[in-house]
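Number of protein chains: 2
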Amino acid sequence: MTENAYAALEKRFRRYSALSGASGLLGWDQETMMPSGGAEARAEQLATLDVLQHELLATPAVSEELARAEADSSGLDPMQQANLREMRRVHTNETVAPADLVEARSRAVSACVVAWRDARAQDDFSAVSGKLATVLELTREYGAVKSEKLGCGLYDALIDSYEPGGTMAWIDPVFARLKAELPGLMEKILERQAAGPAPLSPEGPFPAALQKQLGERVMRALGFDFAHGRLDESAHPFTGGIPDDVRITTRYSENDFTSALMGVIHETGHALYERGLPVEWRNQPVGSSRGMVMHESQSLLMEMQACRAPAFYRFLAPLASEVLDAGGLAMTPENLNRIGHRVARGLIRVDADEVTYPLHVMLRYDLEKALLSGDLPLKDLPGAWRDGLKASLGVAPEDDRDGCLQDIHWYHGSFGYFPTYTLGALAAAQLFKAAHDALPDLDERIAAGDFKTLLGWLVENVHSVGSAKTTDEIISAATGAPLSADAFLNHLSTRYL
Amino acid sequence: MTENAYAALEKRFRRYSALSGASGLLGWDQETMMPSGGAEARAEQLATLDVLQHELLATPAVSEELARAEADSSGLDPMQQANLREMRRVHTNETVAPADLVEARSRAVSACVVAWRDARAQDDFSAVSGKLATVLELTREYGAVKSEKLGCGLYDALIDSYEPGGTMAWIDPVFARLKAELPGLMEKILERQAAGPAPLSPEGPFPAALQKQLGERVMRALGFDFAHGRLDESAHPFTGGIPDDVRITTRYSENDFTSALMGVIHETGHALYERGLPVEWRNQPVGSSRGMVMHESQSLLMEMQACRAPAFYRFLAPLASEVLDAGGLAMTPENLNRIGHRVARGLIRVDADEVTYPLHVMLRYDLEKALLSGDLPLKDLPGAWRDGLKASLGVAPEDDRDGCLQDIHWYHGSFGYFPTYTLGALAAAQLFKAAHDALPDLDERIAAGDFKTLLGWLVENVHSVGSAKTTDEIISAATGAPLSADAFLNHLSTRYL
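So the sequences go chain by chain: A and B. So the first sequence is numbered by the numbering used here: it starts at 1 and just counts up by one. So the second sequence is numbered by the numbering used here: it starts at 1001 and just counts up by one.
The hints are simulated quantities; they were obtained by calculation from the structure and are not laboratory data. Careful: at least some of the hints might be erroneous.
Claimed, not checked - Computed from the model, here is a short list of chain B residues facing chain A with C-beta under 8 Å:
1. Ala-1022
2. Gln-1053
3. His-1228
4. Ala-1468
To be verified - Listed next, the stretches of chain B that the computed footprint assigns to chain A, with coverage defined by at least 3 CB atoms under 8 Å from CB atoms of chain A:
5. 1036 to 1050
6. 1133 to 1146
This one's a predicted model, so the numbers in the text were calculated from it and none came from an experiment. Note that CB positions come from ideal geometry on N, CA and C, so glycine has one too.
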């Protein structure tokens, strides 16, 4: 019997996708709805689904089908061929490491994250550094196994888990340019800002229920379809669910409606990307989002480019005033624009503005490479963090809580993730510029709360591609040039100076 | 290698249970949170989990392990032995029918349910009778295969899917007694009711948010732990989730707060049963609820026995007045008690009071047995329904919408389910009487909103048994006698006459 290997793989990956979707919903529920007493059982459910997903792909039949399909892929159309490439990638990621390494790393990460929460609360890096050393060592082992399989460097193998095909060779020149120009630009922006008026704070409280209404109104304007998604609350905002049922979350501060709103817009950018993925490839690898750079570019394009454009505040100010029943000088487009563009030398990455954010990221990029190579011993991390931040931003944390204990990523074993934030910001600027060039009336449309043509452009040039091309191929095709820092630096100059 | 077969089975069933829990949550979300556009993907997720659950047990290794464990179960303690019995039962149910029959029946049911919705809306039984004939035929085939495996009659094999071990021989004498006494009792109750004052309707509207507050206050009083569960809204109230995270739902009518509240109390009874199941057997078959009779007994014990007791209204009236900001003569304990005990010859089972409800159930019991045996041709069902209701209740529907198109059960392939409603009501009365005898101050406690001793009694005598005993063993041990209609009939006489 000569079964069609490719067709058999599509069937398997359809099942794999259904399990991913089920896990995604359980994860969403865990953060939004689940009472605390459900945690243990939920962890068991998620672990069981994980094991079943792994088993689906780890069976020798899949390796054999992949080999057969690749050996004779001439009958496949281009999307099927791309799908086959992505199947291979998913299969490699799922099976590359031996089971005992995966299990040891997963256990080490769990223990380290627990220790990190305490260490952070008590500002005591030494309380977690031993566990972090174990995570680092197991991550190195994992990276080594994967780099051998992929034929690439160890750090590149780690990046690949978040940004398929991402490499240091791609990142370094882009970051070098930012390092050279961003600090000076920041100084100029801060100088100009100091000479102008400080923004007024809109006077709350703004009840969460009204903020939610405002968020939903803006989501609708951006193109979010509530027949295919929801907005809920969680401690840490995220986008979950599946393309046909995207669940985004935010958290509300009653004193400041802008933070939840900008969070909603950010997650809506992620959600619209998911929703715009190619419908006919819903349950296949090629129908998935490309990677973290592309995903972050879509959230930041909405949050930082489109919905911090001065034109947007002409739409937002009257809408927010109406829904929140607020007014006065603090609610004018000009003042809201000033709030949205406040720049500061801060210590905390997640609170940073778009100007200083890359400086936070690049510090982490340098430090994590040095940790992995062994050039930076773990015991020297706190000092290296302080010195690094001082050198690039001009400020340094007084404690490790606001320093190297700030982010969960490393303690969670996520090395190679940080650069995707800033690459996403650069891609956002570059894509928005291309959209702006292609849609001459975009500013007026944004001022009118009409995002239809922008979303149409994004769906056509980015979302509907799915994973059929690499990140740089998508960006090049959409903007005429590979990813660079040009558009981002131009955007900062134009917007802030 | 002499692997311990029982231990291997426990591991498999733990995974099976985690998948059940995951499916349960997906089902809950589908009814409460999911936007309509997520339906197709959700159906695929649920079907995939179903297949994986089936595959977990359908592998020959499980049959072999079961046989080995049963052949040498001397080393197992009584709970483990009971667990092994339940594993066999679950395995039989999961694997008894050939895959093509399961699939054909599932497809026939889906098509029939869709056709039923239309047929009901258009009051046209002939539009669905062909599809119902197919479902009936495939259900007969399924019952035949299962009855051969279990060595029992066809209808008993179908009952077993809802009430393990339930038989016609168990049901018939109990129902015969009800048939003999209930119509006369109903006449007396209606006569007495007609001589008294009609209840006043509390004047709404009662906002859903306040009704929810009231529901949660009552749930807390009954012993519901919100660290292990939630209350939400859905079109049809149900209890979902898992014992450590029980999700109950209700629906609110702004004109009448009592219907949602009594629904909440009913589901809370189900939830408390789940929550009280033996903690140390959470992921094993013996740790599951016993069956539909026991489950319905726990919901009806709360709804009909404890929370319609005159004492309860002394607790409820001031609480409801406070939370709903309502008052007047309609909100007195006496009036709320009258509302809770209104009896009527109605056409609709789900709207029926506890006096007439068994008459609705017994009609369906007789009709479904006759349908399965072939004694009643499908074309004669509408007439048989009308005649049967007229004979027992004294009223007959003018159309099939309120007649044989009323309930989804048969169209959904659920034959053998209906009797569990009434057996549950009888068990509720019998258990509540035993609790009442054992807890002499129960009425005063209920009047004070204190359900601790009642819940403690139920946990000890019912919930914590899990599936270690049969329904009748649990009832006999708790009440001193097997299930009968005595307590129920006494309860009706005492409460209503």
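Review point. Quick check: which numbered hints come out false for this structure?
Key: 2, 4, 6
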